[in-house]
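J.: Each protein sequence line maps, in turn, to chains A and B. Residue 77 in our numbering sits at position 40 of the first sequence, with consecutive numbering throughout. Residue 694 in our numbering sits at position 121 of the second sequence, with consecutive numbering throughout.
Hints in this document: simulated from the structure, not taken from any laboratory. Among the hints, a few may not be true.
Below, in silico cross-link-like pairs of lysine-lysine (DSSO-like), each with a Cα-Cα straight-line distance of 27 Å or less [to be verified]:
| hint | chain 1 | residue 1 | chain 2 | residue 2 |
| --- | --- | --- | --- | --- |
| 1 | B | 671 | A | 170 |
| 2 | A | 170 | B | 603 |
| 3 | A | 318 | B | 665 |
| 4 | B | 599 | A | 318 |
| 5 | A | 318 | B | 671 |
| 6 | B | 690 | A | 296 |
| 7 | B | 603 | B | 671 |
| 8 | B | 671 | B | 599 |
| 9 | A | 291 | B | 690 |
| 10 | B | 603 | B | 658 |
| 11 | B | 599 | A | 114 |
| 12 | B | 603 | A | 318 |
| 13 | A | 318 | A | 282 |
| 14 | A | 114 | B | 717 |
| 15 | B | 690 | A | 170 |
| 16 | B | 604 | A | 318 |
Listed below are several chain A residues computed to face chain B (Cβ distance under 10 Å; list not exhaustive) [as the list claims (entries may be wrong)]:
| hint | residue |
| --- | --- |
| 17 | 96 |
| 18 | 117 |
| 19 | 183 |
| 20 | 202 |
| 21 | 211 |
| 22 | 262 |
| 23 | 292 |
Keep in mind it's a predicted model, so treat the numbers as computed, not measured. C-beta: ideal position from N, C-alpha, C; glycine also.
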Amino acid sequence: MSKNLPVTGKALILLTVIIAFSVTSCNQGAKKTDENAGEQDEFITSVDEGTKEKFQTAKRIFYSLPSPIETAKILQKAGATYDASLLNPIDNQTGYITNLDMALNLGIYTTDLSYASLFDQTQVTLNYIEVAKNLADGLNILDAINENTIQRLENNINNREIIVDIISETLLNSSSYLKERGLESTATIILVGGWVEGLYIATQLVGDDPIESNRIVERVVDQKLSVDFMINLLQESSEDPDAQKILEDIRQLKTTFDKIEITLGENTPVTDPETNVTTLKSSSSHNLTKPVFDELVQKVTELRNSYIS
Amino acid sequence: MRKGILLVSLVAIMVSIPQLAQSQCKQFAKKTCKVGLNPYQHDGNYHAALLIEGEEAELYKTFYSDTDYRIGVCGAGNLNDIEFKIVDSNGKVLYNNKYQDYEWMWDFRLESSQQLKIVIKVPVADENIVEPEEGCVAIMFGFKDD
Chain A
38 MSKNLPVTGK ALILLTVIIA FSVTSCNQGA KKTDENAGEQ DEFITSVDEG TKEKFQTAKR
98 IFYSLPSPIE TAKILQKAGA TYDASLLNPI DNQTGYITNL DMALNLGIYT TDLSYASLFD
158 QTQVTLNYIE VAKNLADGLN ILDAINENTI QRLENNINNR EIIVDIISET LLNSSSYLKE
218 RGLESTATII LVGGWVEGLY IATQLVGDDP IESNRIVERV VDQKLSVDFM INLLQESSED
278 PDAQKILEDI RQLKTTFDKI EITLGENTPV TDPETNVTTL KSSSSHNLTK PVFDELVQKV
338 TELRNSYIS
Chain B
574 MRKGILLVSL VAIMVSIPQL AQSQCKQFAK KTCKVGLNPY QHDGNYHAAL LIEGEEAELY
634 KTFYSDTDYR IGVCGAGNLN DIEFKIVDSN GKVLYNNKYQ DYEWMWDFRL ESSQQLKIVI
694 KVPVADENIV EPEEGCVAIM FGFKDD
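Next up, chain B with everything else stripped away, as it sits in the complex:
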């Protein structure tokens, strides 16, 4: 009977860990990334995930002409600076933050509405690492009036 209780407790812990991590990810996105969008208005969308070092992600979004945008790509403290680049539908790289000292946000406006791709990479801190770090990465968008 005691073994059963122990197993069920173990299960409860295992189930709660991923959800706890996701919850911490939300708090990180809200408290760190969203706040940093100011004075731009956050659009309300939530894009955050637990990524491991070396992992890459892409996000596709339509951006509208004559609107001022801020893209914020934030990584948790245990991860190295996050690399991100902006690519248009023709594959042209429009911005790459590795040439801007890994600045975590980018302000821009467009003359034509279009789809853009944000490519995110969590750099590997140490080539000889055995266990890669995992941490929250959030992508947020803000806009503002002229």
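Chain A with its partners taken away, still in its complex shape:
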């Protein structure tokens, strides 16, 4: 039928399709809701009713997941040690063909290289950034990691601060590239992969140590706080079967995290007038038991191994 259409007709159809696509892409960056409309009024009381009606838009909601570099950093601060046997071997990269495998393992390798870099494992860092580059290229994330990135890493291999900054920049480039193109779900899957790898490294490092007063275990418990954000983000990508598959995995993990109850006391902000840094003073506790921790270790290990194999 279309071959009988005049050129302008075809162009009009093209115009309609592209505009529809363009509008859809623009809206994928953030989910909108108006459930906190009462709070929003507080901010715009100085505006007259007519303007208020014109400008009052639904709120945009964003969730920030822990990045690979943040995950590695909190592990290091909790007293983690470096264990090369916990990393996903670089030889596995050739087996990652699908977009889902590439995205998950880009996150996993990025956490591995962040972890290695914080423990001054320079050669490992260089090897893993190459693997991350290959996977980013496979996902068509152009120039997130380029030859210049690798050259800068090599030139600053003994400067941990610059290395961390370069890794942070590659994460920013990947994330922004994907979000600009409406590929939020891929950006989320990369972060979920990195998060699962961080959880795997943390739980493995605990090993047979007692869980009481264990700083790494405390960090594992803290991850409960990010699970719902992860689920909300994945739910936003309801049209993406890859995101829905990962969503089911995280829901499974949540059933174990739900067995841990975290109690948080009231926050009291106290600002140091000299440094201008505010401390949120509060206390918290949780009821993690050894059987629940063991269940978590088993689930995380199975999940992570299914992602890397």
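Go by the hints and put chain B onto chain A.
T.: Okay, now just chain B, sitting in the frame of chain A:
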């Protein structure tokens, strides 16, 4: 035929404008907001969007105990100072930059790991405005060693 070419060109321009705006948003986030986090280390996450005057956004994030954080909320030059407040899971407002001369960043640490909400509002510059301004707003997080 010429009409067709004209239409396709128009389409190409219409498609490229939103992506160009998003790209400029990324450059703004990287060159202005991220740089301002120094000496805190940016976490690598990218949260930026084109917002119009009067629009409000919320961002949820888990923050860890015993870590020093800097939150930076930056708005493009065509927007008024961005308002932001930090709210805990009990709804308690822990910080509001409108009482701090709209300072664009806030440094803090926590004694307990917890979820916090950052509420952002792009103020309306002129009540009688016909066309509200639209501009990039970026939210970035940095952390540092003790």
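J.: What are the numbers of the hints that this structure violates, sorted from low to high?
T.: 1, 4, 11, 12, 13, 15, 16, 18, 19 and 23
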